[in-house]
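Note that the sequence shown covers residues 1 to 157 in this note's numbering.
Treat the hints as calculated values from the structure; they're not laboratory data. As the structure is a prediction and not an experimental result, all values here were calculated from the model. Cβ atoms here follow ideal geometry from the backbone N, Cα and C, with glycine treated the same way. Among the clues, some could well be false.
[Stated by the list, open to error] With a cut-off of at most 27 Å between alpha-carbon atoms, the simulated DSSO-like pairs for lysine-lysine come out as follows:
1) K42 x K64
2) K50 x K117
3) K42 x K82
[What the hints assert, rightly or not] Label-pair distances were calculated between CB atoms; the ranges are:
4) P110 x K133: 30 to 36 Å
5) V126 x E32: 14 to 20 Å
6) K64 x S19: 19 to 25 Å
7) P31 x K117: 21 to 27 Å
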Amino acid sequence: MANEAKRRQKAKGRGKTHSYLGIPHYILRSPEFGRLSPAAVKLLIELAAKFNGANNGDISAVFKQLRDRGWKSPGTLNAALKELIGAGWLVCTRHGGKNRCSLYAVTWWPVDACEGKSLEVRAEKVASHAWRKTDSVVAMRTNVVAIRTNDDHQEAA
């Protein structure tokens, strides 16, 4: 029984060894991910790396902390945050204020119940995947049809 608990801890990144960031390939290969700016991709990885298996929704993006990770400008950080929220990759779980930072959750994992954090978003059992937009699926389908049409047209010529 103890071995089973240890195995589960390791699988969720909560073991005593080094943790890792697992981003599923379907996310990395998605056209939505490909449309993100380099700053947004870097910030998304930075914030996802703060996930410990039970704190999605309690992830902060404070410039003072991220400056040590290579962020040079609060303006770039804010632009990347706005891009990620607008594209559905992040959701703001608590809006900041005086002496209180904003908190975020990555949308490919369910939001966790973070006790004592006064989150404005309820915990989820299933991830929202808000980054998946129907417009992009339509655009992908249209693009595939256009490619097929071009190939068919070239063969006829």
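Hints versus structure:
Among the hinted pairs, K42 with K64 is consistent with the structure: their alpha-carbon atoms are about 16 Å apart, no more than 27 Å. Pair hint K50 plus K117 holds up; C-alpha atoms about 16 Å apart against a cutoff of 27 Å. Taking the CA atoms of K42 and K82, the gap is about 14 Å. The hint holds against a cut of 27 Å. Here the CB-CB span from P110 to K133 is close to 19 Å, at odds with the stated 30 to 36 Å.
In this structure the supplied range 14 to 20 Å holds for V126 paired with E32, their Cβ-Cβ distance being about 19 Å. Hint check: K64 to S19, Cβ distance near 23 Å, so the stated range 19 to 25 Å holds. Distance hint check: the CB atoms of P31 and K117 are about 33 Å apart, inconsistent with the given range 21 to 27 Å.
In summary, the numbered hints that this structure violates are 4, 7.
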